[in-house]
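Following the hints, position chain B against chain A.
Here is what each chain is made of, one letter per residue.
There are 2 protein chains.
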Amino acid sequence: MSDHLQAALKYAHQHDAEFLGSLQEMLSFGSISTSDEHKNEIYKTAEWVAMRLKALGMERAEVMPTTGYPVVYGEWLGAPGKPTVLIYGHYDVQPVDPLDLWHTEPFTATLKGDNLYARGASDMKGQVMACLNAVEAIVRTGQLPVNVKFMIEGEEEIGSPSLDAWIDANKDLLKADFCLNPDAGMLGKNHPTITYGLRGLASFELTVSGPNHDLHSGIYGGAVHNPAKALAELLAGMHDENNHITLPGFYDSVRPLSDEERTHLAALPVGDDFIKQQTGVPEVWGEAGYTSVERATGRPTLEINGMTSGFTGTGQKTIIPAWAMAKITCRLVPDQAPEAIYENIKHYLEAKAPNTIRWELKMYGGGRASISDINKPWVTALANAMETVWGTPPLFKREGGSVPVVGMMQSALGMESVLTGFGLPDDNLHAPNEKLDMPTWRKGTETLIRFFFNL
Amino acid sequence: MSDHLQAALKYAHQHDAEFLGSLQEMLSFGSISTSDEHKNEIYKTAEWVAMRLKALGMERAEVMPTTGYPVVYGEWLGAPGKPTVLIYGHYDVQPVDPLDLWHTEPFTATLKGDNLYARGASDMKGQVMACLNAVEAIVRTGQLPVNVKFMIEGEEEIGSPSLDAWIDANKDLLKADFCLNPDAGMLGKNHPTITYGLRGLASFELTVSGPNHDLHSGIYGGAVHNPAKALAELLAGMHDENNHITLPGFYDSVRPLSDEERTHLAALPVGDDFIKQQTGVPEVWGEAGYTSVERATGRPTLEINGMTSGFTGTGQKTIIPAWAMAKITCRLVPDQAPEAIYENIKHYLEAKAPNTIRWELKMYGGGRASISDINKPWVTALANAMETVWGTPPLFKREGGSVPVVGMMQSALGMESVLTGFGLPDDNLHAPNEKLDMPTWRKGTETLIRFFFNL
Numbered sequence: 027m028s029d030h031l032q033a034a035l036k037y038a039h040q041h042d043a044e045f046l047g048s049l050q051e052m053l054s055f056g057s058i059s060t061s062d063e064h065k066n067e068i069y070k071t072a073e074w075v076a077m078r079l080k081a082l083g084m085e086r087a088e089v090m091p092t093t094g095y096p097v098v099y100g101e102w103l104g105a106p107g108k109p110t111v112l113i114y115g116h117y118d119v120q121p122v123d124p125l126d127l128w129h130t131e132p133f134t135a136t137l138k139g140d141n142l143y144a145r146g147a148s149d150m151k152g153q154v155m156a157c158l159n160a161v162e163a164i165v166r167t168g169q170l171p172v173n174v175k176f177m178i179e180g181e182e183e184i185g186s187p188s189l190d191a192w193i194d195a196n197k198d199l200l201k202a203d204f205c206l207n208p209d210a211g212m213l214g215k216n217h218p219t220i221t222y223g224l225r226g227l228a229s230f231e232l233t234v235s236g237p238n239h240d241l242h243s244g245i246y247g248g249a250v251h252n253p254a255k256a257l258a259e260l261l262a263g264m265h266d267e268n269n270h271i272t273l274p275g276f277y278d279s280v281r282p283l284s285d286e287e288r289t290h291l292a293a294l295p296v297g298d299d300f301i302k303q304q305t306g307v308p309e310v311w312g313e314a315g316y317t318s319v320e321r322a323t324g325r326p327t328l329e330i331n332g333m334t335s336g337f338t339g340t341g342q343k344t345i346i347p348a349w350a351m352a353k354i355t356c357r358l359v360p361d362q363a364p365e366a367i368y369e370n371i372k373h374y375l376e377a378k379a380p381n382t383i384r385w386e387l388k389m390y391g392g393g394r395a396s397i398s399d400i401n402k403p404w405v406t407a408l409a410n411a412m413e414t415v416w417g418t419p420p421l422f423k424r425e426g427g428s429v430p431v432v433g434m435m436q437s438a439l440g441m442e443s444v445l446t447g448f449g450l451p452d453d454n455l456h457a458p459n460e461k462l463d464m465p466t467w468r469k470g471t472e473t474l475i476r477f478f479f480n481l
Numbered sequence: 027m028s029d030h031l032q033a034a035l036k037y038a039h040q041h042d043a044e045f046l047g048s049l050q051e052m053l054s055f056g057s058i059s060t061s062d063e064h065k066n067e068i069y070k071t072a073e074w075v076a077m078r079l080k081a082l083g084m085e086r087a088e089v090m091p092t093t094g095y096p097v098v099y100g101e102w103l104g105a106p107g108k109p110t111v112l113i114y115g116h117y118d119v120q121p122v123d124p125l126d127l128w129h130t131e132p133f134t135a136t137l138k139g140d141n142l143y144a145r146g147a148s149d150m151k152g153q154v155m156a157c158l159n160a161v162e163a164i165v166r167t168g169q170l171p172v173n174v175k176f177m178i179e180g181e182e183e184i185g186s187p188s189l190d191a192w193i194d195a196n197k198d199l200l201k202a203d204f205c206l207n208p209d210a211g212m213l214g215k216n217h218p219t220i221t222y223g224l225r226g227l228a229s230f231e232l233t234v235s236g237p238n239h240d241l242h243s244g245i246y247g248g249a250v251h252n253p254a255k256a257l258a259e260l261l262a263g264m265h266d267e268n269n270h271i272t273l274p275g276f277y278d279s280v281r282p283l284s285d286e287e288r289t290h291l292a293a294l295p296v297g298d299d300f301i302k303q304q305t306g307v308p309e310v311w312g313e314a315g316y317t318s319v320e321r322a323t324g325r326p327t328l329e330i331n332g333m334t335s336g337f338t339g340t341g342q343k344t345i346i347p348a349w350a351m352a353k354i355t356c357r358l359v360p361d362q363a364p365e366a367i368y369e370n371i372k373h374y375l376e377a378k379a380p381n382t383i384r385w386e387l388k389m390y391g392g393g394r395a396s397i398s399d400i401n402k403p404w405v406t407a408l409a410n411a412m413e414t415v416w417g418t419p420p421l422f423k424r425e426g427g428s429v430p431v432v433g434m435m436q437s438a439l440g441m442e443s444v445l446t447g448f449g450l451p452d453d454n455l456h457a458p459n460e461k462l463d464m465p466t467w468r469k470g471t472e473t474l475i476r477f478f479f480n481l
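Residue numbers (the working numbering), protein chains in the order written: chain A, 27 to 481; chain B, 27 to 481.
So that you can see chain A by itself, here it is in the shape it has in the complex (with noise of 0.2 Å):
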């Protein structure tokens, strides 16, 4: 081991407590992109992500304006023939209701044993951290051993609208090897994981109205259609009895998933009994014909995110409501396209849905699954690390979740990502009492810092 490495090691493991400063005080900010209410702390939080990089020594670090919200990018290019990083993040969060839920407040991260609790601790500010503070150790010793770059967007959470834009007006900027994108997390505590394959995203809403205004369920009810009803009906008949989605059209292009990659999938430490003790649902569910880890990262989804119509609140309030509506999103796998899965769902629509109610659908955006190619140099680099750190090499998966950062990665720039991260499958992200647990937090930490110099 060099005395650079060894003296960097050292260092993160005397800051611990700095670091795990640091990572409060970013969490302190409530930067939720899912509306514009929470404008200035997205902002507030870009400025404190630019002034932390230029700490760190950054030749260039600054909040870059795009037609959302900005992206902060950093660079340090002084090892000049070495391979030049680009470290992906987003500093941007998930929505904190139902706020009630939370056993302490979203934004004041609370430590509680091994674990901190705060929203983004894990999806990704923890991970965003970790890569500052493998960097700080690195150059508070010595020099970088590689050229970084630095790319943190603020909008990942409303799947990343304005980057595929600011990337095309800036692919000089970001020319680089590959990217390092710690967005992804980890199998379990013990199971360092390397994710080659990522599922895209479409996103919808879906209304269904029929009277002009909430009618009186006495004097109308058995003559029009209710609309919360018909909007029933039309989700319910969106899957068959096999649990196959209904849409036609919809498996048109998707990929199958080879013999070889089924093999693989069944070696991840994800059964039946896992998933159950994770969500606390009674029994798994899913598409007929696959395990439940082929249908969470290798089959495509289609899952209703939120629903209203009419009266919710305590009582009863008897009538039929004008409308009702739900939100929807489809889960890719390759070659899926966002934009086919639109059609697919308004031919459902034109089809299925009858004269009595009228309907709107509307898109709200989209990104492409992704796969990887696992034998670049880099990737060995992140394996070599993590097995060193953990005693065991890395679990290579499919990802459920969606990065549309990668898709575009390769489409504008033709880079290649490595996708990892250091979050546990019970972190409860997008959830009430997200979590980082911290030990493996630390791990992280000494990941990278190693993953540099094997690079």
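Treat the hints as calculated values from the structure; they're not laboratory data. Possibly wrong hints are sitting among the right ones.
Identical copies look the same in the list; a pair holds intra-copy or inter-copy alike.
Stated by the list, open to error - Keeping only pairs whose Cα atoms sit at most 30 Å apart, straight-line, the calculated DSSO-like set for lysine-lysine is:
no., residue 1, residue 2
1, K138, K388
2, K36, K302
3, K70, K402
4, K302, K372
5, K402, K138
6, K302, K388
7, K302, K378
8, K469, K36
9, K372, K388
10, K388, K80
Please read these numbers as outputs of a predicted model, since none were measured by experiment.
Frame of chain A, contents of chain B only:
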């Protein structure tokens, strides 16, 4: 025409502005009974009604406690040997949401042309005030020709949960020859109407839950049953392709419509075009084998009043919601019992709900349907008064709505009710922009004055 009747009619005509003013005052109270937060307004309204009854010279006028919201009771028994009329009404109103669809303040009664806009204007503060105004016109110009009792409750809009026990405890107090219940409406401006049948009501809340918190749809999507989807499936399955309700046993005690009754219902001016025009629905809907008016009055229904799950704000949130809830009401016909409907839904859920989710069914309350004898003298007295005022005999109809008190009167007191009212089908009952048609309301007051003299 007697001098007294003539004087009373003249009084009503001359005091039109004062009558409107009193109604606006009553409408200024936000007496919503659905939730606790409007408690103060409920009590203020009750006190106000009692004060008005006292001002009319009632020998007794008081706010009487129940286990829930109070009943305002009043009586004047100064006409021995003459019939005693028990006048029923309710001073509570429906909630006002969605508030943004109102064009005026719901509790600031606003006159625009012939219409007075306010929550409760038609249902039923306007009807209560028509009774009080009729009595006022008679007592200010002489003496009431009959004995009167008033029973004005505060929980009608939530199914009168405390009234049953209160009536049981006050049987002697409530003794009367019949009950005048003006909580039913008219079929059109030129169609005075007497309602001889009412549907009953049974009201439920169904919650489906799966995971113990909202899940990231990327991580678990495809492998767990989405509770919003499961709820949609259960709700969709509650009707078959003929729009018959599939709950086991639901139709077992339904009294079929007789051929005579179907002929009678066919004569009512409530065709499909009327329903489309009143509601704005693109097409009518309903149970195969029945006309729209039969579906809306003589057949039982199952309606979703509201539905909620997961994220419904602006934008998207990629979750699998932990739970989903629907509010459900069934309109009942003779001889269905509300408690039996609870069992029907329970049996349906026991048979159909999959083991991938959990469900909970809560019953809020209910009341039986009723059918009355239309050959009683008080029905004739009312029908004659209507014919005099409108120049056309009233229509006799079954009503799709529910007035639980009518069933209670029959079972607890053996008392028949004559149901009428001066609201119109387009009054936006239970909806934004509820209104009352002033010319019809004035005719209503005149009808009631004549009715008292006809008895």
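30 Å Cα threshold - placement of K402 relative to K70: neither (37 Å within a copy, 77 Å between copies)
Can you tell me if K302 and K388 fall within 30 Å by alpha carbon in one copy, between copies, both or neither? between (33 Å within a copy, 27 Å between copies)
Is the C-alpha distance from K469 to K36 at most 30 Å within one copy, between copies, in both cases, or in neither? Within one copy only: 13 Å inside a chain, 92 Å across chains, cut-off 30 Å.
Pop the pair K388 and K80 into one bin, within, between, both or neither, using alpha-carbon distances up to 30 Å. Cα proximity of K388 and K80: none, with 41 Å in one copy and 59 Å across.
Using 30 Å as the alpha carbon limit, work out where K372 and K388 are close: within a copy, between copies, both or neither. within (10 Å within a copy, 36 Å between copies)
Please work out whether the CA atoms of K138 and K388 approach to 30 Å or closer within one copy, between two copies, in both situations, or in neither? neither (42 Å within a copy, 37 Å between copies)
Alpha-carbon proximity context of K302 and K378, limit 30 Å: Classified as between: cross-chain Cα gap 22 Å, same-chain 34 Å, threshold 30 Å.
How would you classify K36 and K302 at a CA-CA limit of 30 Å: within, between, both, or neither? neither (40 Å within a copy, 77 Å between copies)
Check K402 against K138 for me: Cα-Cα at most 30 Å, and say if that holds within a copy, between copies, both or neither. neither (39 Å within a copy, 75 Å between copies)
Within a copy, between copies, both or neither: which one fits K302 and K372 at a CA-CA cutoff of 30 Å? between (34 Å within a copy, 26 Å between copies)
When held up to the earlier numbered hints, the structure conflicts with 1, 2, 3, 5, 10 and fits the remainder.
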